[in-house]
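Undergrad: Whole structure, please, built from the sequences with the hints as guidance.
Residue numbering for the sequence shown follows this note's numbering, beginning at 200 and increasing consecutively.
Among the hints, erroneous ones may be present.
What the hints assert, rightly or not - Dumping the calculated PhoX-like pairs for lysine-lysine here, alpha-carbon to alpha-carbon at most 20 Å: (1) K319 / K250; (2) K319 / K307; (3) K261 / K287.
None of these hints come from the bench; they were simulated from the model.
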Amino acid sequence: MSIEKFNFFKARSLTFSIDGDILVTHIHWGGKYYPVPYESGIVGEGFAPGKTMLIFGTPEKKGKRFHINLLRKNGDIALHFNPRFDEKAIVRNSLIANEWGNEEREGKLPLEKGIGFDLKIVNEEYAFQIFLNEERFCSYAHRMEPHDLLGLQIGGDVEITGIQIF
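TA: The following block contains the structure:
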């Protein structure tokens, strides 16, 4: 094998600066790649009221839709968050005992294909508060017990670069 075909760089550095009167509370620079479909348990007490979940991703440029599900221990879906570019809507729903409830579709579709987003879901005692790109998107009232959310599923036309629960 000849090394003539390879490019060598002595150093490669990405830099940025922050200037002025600002309080930086979080910096997200790249991150681990999560293969989609993605499924994971939520360790510890799960995603109980008082917890916040952050998901960083980018909808695929030619994608039609993707979904993020918060699962109960019994397999019910407490929150089905489903951006649908082909319908210009974000559908929210729950699956209880293998039966889908009534869809909620209010609100715009503030996501763009090929453009990164951050999704924040706050589990409160009576509802999920959902934020997209730091803007409040909606509230989704719990349709079941919010204390035993132990799983996360992500599928569809999206690339996920970060997931945090705190």
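Undergrad: Indicate, hint by hint, whether the structure satisfies it.
TA: Hint check results:
1. Taking the CA atoms of K319 and K250, the gap is near 11 Å; set against the 20 Å cutoff, the hint holds.
2. A hinted pair counts as satisfied when its Cα atoms are at most 20 Å apart, and K319 with K307 qualifies at roughly 17 Å.
3. At roughly 14 Å between alpha-carbon atoms, K261 and K287 fall within 20 Å of each other, so this suggested pair holds.
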